[in-house]
Amino acid sequence: MEPIIKIEHLSKEFKLKDTTVTALNDVCLDINGGDIYGIIGMSGAGKSTLVRCLNFLERPTGGKVYIDGRDLSELSERELREERKSIGMIFQHFNLLMQRNVIDNVCFPMEIAGMKKAEARRKAMEYLQIVGLEEKAKAYPAQLSGGQKQRVAIARVLASDPKILLCDEATSALDPQTTKSILQLLKEINQQYGITIVVITHEMAVVQEICSHVAIIDHGSLAEHGTVEQIFQAPKSREAKRLIYQGYEKVTEMKGRRCVRIVFSENSSFEPVIANMVLAFKLPVNILYANTRNLDGVAKGEMILQLPEDRAAGDKMIAHLKAARLSVEELIDYVG
Amino acid sequence: MWDKAVIMMIIEGIGETLYMTLISTLLGYVFGLPLGVLLTVTDKDGIRPNAAVYKVLDTISNIFRSIPFLILLILIQPMTRAIVGRSYGSTAMIVPLTVAAIPYIARMVESSLKEVDHGVIEAAQSMGASNMEIVLKVLITEARTSLIVNATIVTGTILGYSAMAGTVGAGGLGDIAIRYGYYRYQADIMVVTVVILVLLVQIMQGIGMMLSRRFDRRRA
Numbered sequence: 001m002e003p004i005i006k007i008e009h010l011s012k013e014f015k016l017k018d019t020t021v022t023a024l025n026d027v028c029l030d031i032n033g034g035d036i037y038g039i040i041g042m043s044g045a046g047k048s049t050l051v052r053c054l055n056f057l058e059r060p061t062g063g064k065v066y067i068d069g070r071d072l073s074e075l076s077e078r079e080l081r082e083e084r085k086s087i088g089m090i091f092q093h094f095n096l097l098m099q100r101n102v103i104d105n106v107c108f109p110m111e112i113a114g115m116k117k118a119e120a121r122r123k124a125m126e127y128l129q130i131v132g133l134e135e136k137a138k139a140y141p142a143q144l145s146g147g148q149k150q151r152v153a154i155a156r157v158l159a160s161d162p163k164i165l166l167c168d169e170a171t172s173a174l175d176p177q178t179t180k181s182i183l184q185l186l187k188e189i190n191q192q193y194g195i196t197i198v199v200i201t202h203e204m205a206v207v208q209e210i211c212s213h214v215a216i217i218d219h220g221s222l223a224e225h226g227t228v229e230q231i232f233q234a235p236k237s238r239e240a241k242r243l244i245y246q247g248y249e250k251v252t253e254m255k256g257r258r259c260v261r262i263v264f265s266e267n268s269s270f271e272p273v274i275a276n277m278v279l280a281f282k283l284p285v286n287i288l289y290a291n292t293r294n295l296d297g298v299a300k301g302e303m304i305l306q307l308p309e310d311r312a313a314g315d316k317m318i319a320h321l322k323a324a325r326l327s328v329e330e331l332i333d334y335v336g
Numbered sequence: 001m002w003d004k005a006v007i008m009m010i011i012e013g014i015g016e017t018l019y020m021t022l023i024s025t026l027l028g029y030v031f032g033l034p035l036g037v038l039l040t041v042t043d044k045d046g047i048r049p050n051a052a053v054y055k056v057l058d059t060i061s062n063i064f065r066s067i068p069f070l071i072l073l074i075l076i077q078p079m080t081r082a083i084v085g086r087s088y089g090s091t092a093m094i095v096p097l098t099v100a101a102i103p104y105i106a107r108m109v110e111s112s113l114k115e116v117d118h119g120v121i122e123a124a125q126s127m128g129a130s131n132m133e134i135v136l137k138v139l140i141t142e143a144r145t146s147l148i149v150n151a152t153i154v155t156g157t158i159l160g161y162s163a164m165a166g167t168v169g170a171g172g173l174g175d176i177a178i179r180y181g182y183y184r185y186q187a188d189i190m191v192v193t194v195v196i197l198v199l200l201v202q203i204m205q206g207i208g209m210m211l212s213r214r215f216d217r218r219r220a
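So the protein sequences, as listed, match chains A and X. Per this note's numbering, the first sequence starts with residue 1, numbered consecutively. Per this note's numbering, the second sequence starts with residue 1, numbered consecutively.
A portion of the hints provided could be inaccurate.
Derived CB-CB ranges, DEER-like [said to hold, decoys possible]:
1) L136(X) to Q143(A): 20 to 28 angstroms
2) T20(A) to P49(X): 14 to 22 angstroms
3) E115(X) to K15(A): 23 to 31 angstroms
I should point out that these hints are in silico values taken from the structure, not numbers from a laboratory. Ideal Cβ positions, reconstructed from N, Cα and C, are used throughout, including at glycine.
Produce the entire structure from the sequences given, and follow the hints as far as they go.
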């Protein structure tokens, strides 16, 4: 299947007075239709630049972006504007027109598309229903809460009937509860309308909540990418590990000891693996951390164990855990 | 001395002052608004950066703004004569007043439009809006409150200029104040015209503020 978004050797440099800043460096990524693709990284890693290269709000200085097989760099200004109508975007600060009321904000993209006013308003009400804000049609953005503003922005995006939706830190200005409800709404939109969603975030929790795939951006380069499950079970790059181990503050105190991180999938949680291992080896292990995370609707258990001092025994234990078909990795290069 | 003739003269003066001020401001906006838009759009953070165009417009508007109004008035007298046919009287004064207003208005418009949140412009771009649509439907609409407030300030300034033009026979309240108060030592007439000028500015300010509030939807 042809990916809906194909990024090839994408680079973006910004020329400042006397220096050149490389925001993106040779990024290659395929995003398939229907995915919810997370792009995660620290602030300044280049993820916002990356998402702006997907609709050419920023023109890349190198490489190509294909949307549905069309090379964006070959489009004229007019063709590019047409293409953008099928690529919606929502933002951290919502970016609503403050002098227009809710329904007129939703009408805006239809106005640009040249739709008749009456029809646009009728459709706008439908979109407001989808996001659950039909009662606020006449309100102005200043009268709405952050979550409501983002819902209006989502209704406005739906109004241009996009095939792709880019979310630039769309929940970063919202409280955890509102974040959850907005993410839920995005997921529904993805499932009901088949819109491919690209989620830019610095929060692993957001990726875990809704994404099927994730790419990790570090200093402008793609550090790692794959399904959320793969990355969560066995992060390879340093940046991926850092993001996944964000919650392990306490473990850093045990730095220098030999620790492993194990991830339980659904089937392995029925067996008392750790208890059985301790009985089998007659050696204690120290449980430093245990948690269950919700990965795209599936519960995943994770645990950090401190192994016995004896190296050989530790190796055997790792082999034992692997034999139980758990995902196991040593936290040797984890330094908090 | 407060006979009918003087009262008529003052009423006529008010009329001339308003005529010069409002027509010049209006004409000023006809040219200054597009110029302000161009300055905003071609600036390096604008939606269509063009360093050459920006630099030229920027320099021209700075030059014209730095010439004192009275000097400008005299400098462009040949142009005034060419357009209106004479260089004195209220209609003739509309020419220098408009010329003085244009760069000032362009700057005011530029500063209003630059207040518009860049994110909103970006959102419109992401929806495939053209630059023209962004100017009309985003920049001017979102900045309207600030544009109205600034138009009020502009009108007040032009009113002040029109009074200054009184010294060279522009007609209007400034002319009366100078002729009677300064040349004939009739301070009472001067005081009256000054009070009327103050009232006019106050009224315009009041109307401007009311309009800007009425059109502002940003408050909860």
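Numbers of the earlier hints that this structure fails to satisfy, in rising order: none
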